[in-house]
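2 protein chains.
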Amino acid sequence: MPVKLDLQATDPTGARAGFLHSRRGIVPTPVFMPVATHAEVRGMHTGEVWDTGARILLSNTYHLMLRPGATAFRKLGGIHSMMRWDGLVLTDSGGYQIFSLEGSREISERGALFRSIHDNSRHFLSPESSIAMQQDIGSDIMMVLDVCIDSTSPEAETREAMERTHRWAVRSLAARDAVPTEQALFGIVQGGTFPALRRESASFLVELPFEGFAIGGLAVGEGKEARNEMCELSTSQLPSHKPRYLMGVGTPSDLLDCVRRGVDMFDCILPTKMAQQGYAYTFQGVLRTTRDVFRLDGDPLDSSCSCLVCGRYTRGYLHHLLRGKHPLGTRLLAIHNVSHYQMLMGRMRQAILSNTFDALYRELSPKLSRVVKGPN
Amino acid sequence: MPVKLDLQATDPTGARAGFLHSRRGIVPTPVFMPVATHAEVRGMHTGEVWDTGARILLSNTYHLMLRPGATAFRKLGGIHSMMRWDGLVLTDSGGYQIFSLEGSREISERGALFRSIHDNSRHFLSPESSIAMQQDIGSDIMMVLDVCIDSTSPEAETREAMERTHRWAVRSLAARDAVPTEQALFGIVQGGTFPALRRESASFLVELPFEGFAIGGLAVGEGKEARNEMCELSTSQLPSHKPRYLMGVGTPSDLLDCVRRGVDMFDCILPTKMAQQGYAYTFQGVLRTTRDVFRLDGDPLDSSCSCLVCGRYTRGYLHHLLRGKHPLGTRLLAIHNVSHYQMLMGRMRQAILSNTFDALYRELSPKLSRVVKGPN
Numbered sequence: 099m100p101v102k103l104d105l106q107a108t109d110p111t112g113a114r115a116g117f118l119h120s121r122r123g124i125v126p127t128p129v130f131m132p133v134a135t136h137a138e139v140r141g142m143h144t145g146e147v148w149d150t151g152a153r154i155l156l157s158n159t160y161h162l163m164l165r166p167g168a169t170a171f172r173k174l175g176g177i178h179s180m181m182r183w184d185g186l187v188l189t190d191s192g193g194y195q196i197f198s199l200e201g202s203r204e205i206s207e208r209g210a211l212f213r214s215i216h217d218n219s220r221h222f223l224s225p226e227s228s229i230a231m232q233q234d235i236g237s238d239i240m241m242v243l244d245v246c247i248d249s250t251s252p253e254a255e256t257r258e259a260m261e262r263t264h265r266w267a268v269r270s271l272a273a274r275d276a277v278p279t280e281q282a283l284f285g286i287v288q289g290g291t292f293p294a295l296r297r298e299s300a301s302f303l304v305e306l307p308f309e310g311f312a313i314g315g316l317a318v319g320e321g322k323e324a325r326n327e328m329c330e331l332s333t334s335q336l337p338s339h340k341p342r343y344l345m346g347v348g349t350p351s352d353l354l355d356c357v358r359r360g361v362d363m364f365d366c367i368l369p370t371k372m373a374q375q376g377y378a379y380t381f382q383g384v385l386r387t388t389r390d391v392f393r394l395d396g397d398p399l400d401s402s403c404s405c406l407v408c409g410r411y412t413r414g415y416l417h418h419l420l421r422g423k424h425p426l427g428t429r430l431l432a433i434h435n436v437s438h439y440q441m442l443m444g445r446m447r448q449a450i451l452s453n454t455f456d457a458l459y460r461e462l463s464p465k466l467s468r469v470v471k472g473p474n
Numbered sequence: 099m100p101v102k103l104d105l106q107a108t109d110p111t112g113a114r115a116g117f118l119h120s121r122r123g124i125v126p127t128p129v130f131m132p133v134a135t136h137a138e139v140r141g142m143h144t145g146e147v148w149d150t151g152a153r154i155l156l157s158n159t160y161h162l163m164l165r166p167g168a169t170a171f172r173k174l175g176g177i178h179s180m181m182r183w184d185g186l187v188l189t190d191s192g193g194y195q196i197f198s199l200e201g202s203r204e205i206s207e208r209g210a211l212f213r214s215i216h217d218n219s220r221h222f223l224s225p226e227s228s229i230a231m232q233q234d235i236g237s238d239i240m241m242v243l244d245v246c247i248d249s250t251s252p253e254a255e256t257r258e259a260m261e262r263t264h265r266w267a268v269r270s271l272a273a274r275d276a277v278p279t280e281q282a283l284f285g286i287v288q289g290g291t292f293p294a295l296r297r298e299s300a301s302f303l304v305e306l307p308f309e310g311f312a313i314g315g316l317a318v319g320e321g322k323e324a325r326n327e328m329c330e331l332s333t334s335q336l337p338s339h340k341p342r343y344l345m346g347v348g349t350p351s352d353l354l355d356c357v358r359r360g361v362d363m364f365d366c367i368l369p370t371k372m373a374q375q376g377y378a379y380t381f382q383g384v385l386r387t388t389r390d391v392f393r394l395d396g397d398p399l400d401s402s403c404s405c406l407v408c409g410r411y412t413r414g415y416l417h418h419l420l421r422g423k424h425p426l427g428t429r430l431l432a433i434h435n436v437s438h439y440q441m442l443m444g445r446m447r448q449a450i451l452s453n454t455f456d457a458l459y460r461e462l463s464p465k466l467s468r469v470v471k472g473p474n
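Taken in order, these protein sequences are the chains called E and S.
So in the numbering used here the end of the first sequence lands on 474, straight run, no missing numbers.
So in the numbering used here the end of the second sequence lands on 474, straight run, no missing numbers.
Extracted from the complex, chain E is given alone in its bound form:
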């Protein structure tokens, strides 16, 4: 079996801790996957990513099929070899990008026809071609191509998208199983914010031999309450012995909320994205390094943090770098933020194993979304 969840503990809240076994070693869960959209965690090389504690990355099939393209992966030996990454890689299917980012595309039951944003060349993404591309990339966990629609779409449209997602899920499995492979495949639960559809989607998919299940179509503007509700409802329908992955979530406090609801895996661009904007996540809250008040601050970003940045640099130096838009600044914040996410997951995991998750939740939940207004 390509990946397998070995559940170690389930907290009364529903939070789970385990190990994801794979051909590339064992990943403790719950786990956060830094995003390497273009086979690059923005500005960081894989040695640095590894040093944050991360052991699994997410990369984007849509972007990679356009550049560097399938030929490059075949010639240069897959994404692990290209990036020199010894951990796992999960690839999304391209579904989200096809439906969200593209203006001119034609979608039919067969798949989606679209044009490259780079050179206007024509490309076709179907359940089968997405799997083929993910096989060229050589990821450890592949995702099925799904139909992503606006979370405010009416029920009929949401049902239609969900049903096509189901038919595509079956085709994706068939494509994956056509050749022997060690690559896992996850199905994606859809259904918008309609509880009945979410239930129907989960119960359809769990009958299929996926190695794990993702919860899709959330974190797209439906609001935190609806997301938590749909997340909880979805996980309640999923088998406990398979990994559950909530796509595209989220802030540190979102992670607390959704681990609590039984999610095992997350990805989000926030740690690197917020770094670009000068924000550092800390266990005391969010710190905007460019605020004047940090200009002469000789303390590290977070004195409880063990990352390279907190070990070496002051807020004052980071303020200088970020204010001047010097590229090292963004990079150091990215290293810190990715490390912070890893430490947060580690603390949650430890709490689940020791039956203290609820206490940790109550301690961190208010802190993490605070704003750090000035020096300690």
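Hints listed in this document are in silico derivations from the structure and should not be mistaken for laboratory results.
Be a bit skeptical, because a hint or two may be false.
No copy is singled out in the list; a pair is fine if it fits within one copy or between any two copies.
As the list claims (entries may be wrong) - Quick list of in silico lysine-lysine cross-link-like pairs, DSS-like style, CA-CA up to 25 Å:
(1) K423 x K371
(2) K371 x K340
(3) K322 x K371
(4) K471 x K173
(5) K173 x K423
(6) K423 x K340
(7) K322 x K102
(8) K465 x K423
(9) K471 x K423
(10) K371 x K173
(11) K465 x K371
(12) K371 x K471
(13) K340 x K102
(14) K173 x K465
(15) K465 x K340
None of these values were measured; they are calculated from a predicted model.
Start from chain E and add chain S according to the hints.
Then chain S, alone, in the frame of chain E:
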């Protein structure tokens, strides 16, 4: 004595190898100093800079006095502490920037009055205030404030600038010696491309108790031949037991040319600047990574290079990163280019010590300025 050159060997060509002794350890010469304009070697943290083999950096007083400003250096403990850099730092005086980069400034015998490019605030840079700022920065080697003029200026104007540079050199020394310090101070030979003025400038300055001498006013468009001539003429007038620093030079083949003419120290933004534009320096020539021909190239940038990048990544992956303008690409090229410069200096030094500099010169000089057109 704050810094002292211990000359180990002088090649028949005039190339010199030695050790620069300082309060922060010993630096082998000839040496190339990566540029940390804003207390940052563009995109690289000091751990990475150290790993390239560099042990001395250059930083810019003009930029640092505007941001983060003297207060920040006093509060955060100087540039070594701010950057976490255990090697040496040389600071320029701000002269070049005041004369070259600024539109609105008033210059008199006292100094230069100018406005900040950031907030239009007024600043005054004099020989004394430049030393004071360099003392706040806490560099190991300070430069005198000099008068930089266009290398095509007529002789009378060049003489006037040179003579003021000399008066400012005397004032700089007095300012430095007003308080006990371990910071070295270098004088700057000026005189444009007029041999008589260069000789006069050198003979004036060598009578003053500077710990070293820089050759200024070159590499500003006077052409390679004139630069080499002025460089050779200047070094011939300087005492052999003190370090000689050619400011702002240059390409790898420029370094070969000027080490041959007796220069010990160099600085230049080219390694990081060219990285931004996608160029890698190799011992086979200059390689533009974004060329289509490298898209599927599975070789490292330079198989004779021992840097982190050549040990881990293919030209194909670098092509992908640079073509897509992904920030890791520029960074990896910067690491490689700075490493290449260090390796080049190391090879020159070894050749000088073993009396084979001329052979190395003849081997490398044509190679280094070649263009690498395709895969090996």
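Hints, one by one, checked against the model:
{"no.": "1", "hint": "K423 x K371", "verdict": "both (14 Å within a copy, 16 Å between copies)"}
{"no.": "2", "hint": "K371 x K340", "verdict": "neither (30 Å within a copy, 49 Å between copies)"}
{"no.": "3", "hint": "K322 x K371", "verdict": "within (20 Å within a copy, 45 Å between copies)"}
{"no.": "4", "hint": "K471 x K173", "verdict": "between (50 Å within a copy, 20 Å between copies)"}
{"no.": "5", "hint": "K173 x K423", "verdict": "between (37 Å within a copy, 22 Å between copies)"}
{"no.": "6", "hint": "K423 x K340", "verdict": "neither (44 Å within a copy, 38 Å between copies)"}
{"no.": "7", "hint": "K322 x K102", "verdict": "neither (30 Å within a copy, 65 Å between copies)"}
{"no.": "8", "hint": "K465 x K423", "verdict": "neither (28 Å within a copy, 36 Å between copies)"}
{"no.": "9", "hint": "K471 x K423", "verdict": "within (21 Å within a copy, 34 Å between copies)"}
{"no.": "10", "hint": "K371 x K173", "verdict": "neither (31 Å within a copy, 30 Å between copies)"}
{"no.": "11", "hint": "K465 x K371", "verdict": "within (21 Å within a copy, 42 Å between copies)"}
{"no.": "12", "hint": "K371 x K471", "verdict": "within (21 Å within a copy, 36 Å between copies)"}
{"no.": "13", "hint": "K340 x K102", "verdict": "within (7 Å within a copy, 67 Å between copies)"}
{"no.": "14", "hint": "K173 x K465", "verdict": "neither (48 Å within a copy, 29 Å between copies)"}
{"no.": "15", "hint": "K465 x K340", "verdict": "neither (31 Å within a copy, 58 Å between copies)"}
The structure fails to meet hints 2, 6, 7, 8, 10, 14, 15 from the earlier list, while all remaining hints are met.
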